[in-house]
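Asker: Sequence:
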Amino acid sequence: MNEDQHALAISLFTEIMATDQLVRARLSRVLPKGMEISHFSVLNHLAWVADERTPAQLAETFHVTRGAMTNTLSKLEWAGYVHIRPDWDDARRKFVAISPAGRQARDYAVGTVTPLINQMVEKVGADEVRGALPILRELRIQLGKD
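Numbering follows the working numbering, in which position 88 of the sequence shown is assigned residue number 1291; successive positions increment by one, without gaps.
Rather than coming from a laboratory, the hints here were simulated on the basis of the structure. Treat the numbers as computed from the prediction; the structure is a model and nothing was measured. Some hints could be false.
Claimed, not checked - Listed next, the in silico SDA-like pairs over lysine to any residue satisfying Cα-Cα at most 20 Å (straight line):
{"#": "1", "residue 1": "K1297", "residue 2": "Y1311"}
{"#": "2", "residue 1": "K1297", "residue 2": "A1253"}
{"#": "3", "residue 1": "K1348", "residue 2": "F1265"}
{"#": "4", "residue 1": "K1236", "residue 2": "Y1311"}
{"#": "5", "residue 1": "K1236", "residue 2": "T1315"}
{"#": "6", "residue 1": "K1278", "residue 2": "S1244"}
{"#": "7", "residue 1": "K1278", "residue 2": "A1259"}
I would like the entire structure built from these sequences, with the hints used as guidance.
Answerer: See the structure below:
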């Protein structure tokens, strides 16, 4: 890698990390009281896939440890946002599903974050966002392979 490529790589990841911090701070301010970004992410995923997942599958999806996912799921279960049941075939495994209250909380959270996201897309420009998506998607795919 030559010096120009090195500087480009550093600039790219600096921008991505700074953007991540700013997005997380903004989302945290608009999410419903008590809901963390990790909670919203899991609820949103479960609503999207519309099927049960194991804690291990969720941990892999979100690139977190099983312990971190267990902690998030415990909080979601306590809030009544997910149902966790044993696997009837393998007692060592559990399945997680979004509850009706979780779906309602997720839908409400989507409503609170959508104006913020729409505002950013409007400021940046829809064509620019469309152009950035394939690049960001490919970066995510490549980083996920490691």
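Asker: Determine for every hint whether it applies to the structure shown.
Answerer: Each hint tested on the structure:
{"no.": "1", "hint": "K1297 to Y1311", "result": "27 Å, violated"}
{"no.": "2", "hint": "K1297 to A1253", "result": "17 Å, holds"}
{"no.": "3", "hint": "K1348 to F1265", "result": "13 Å, holds"}
{"no.": "4", "hint": "K1236 to Y1311", "result": "11 Å, holds"}
{"no.": "5", "hint": "K1236 to T1315", "result": "11 Å, holds"}
{"no.": "6", "hint": "K1278 to S1244", "result": "13 Å, holds"}
{"no.": "7", "hint": "K1278 to A1259", "result": "16 Å, holds"}
Hint 1 alone, counting from the list given before, is not met by this structure.
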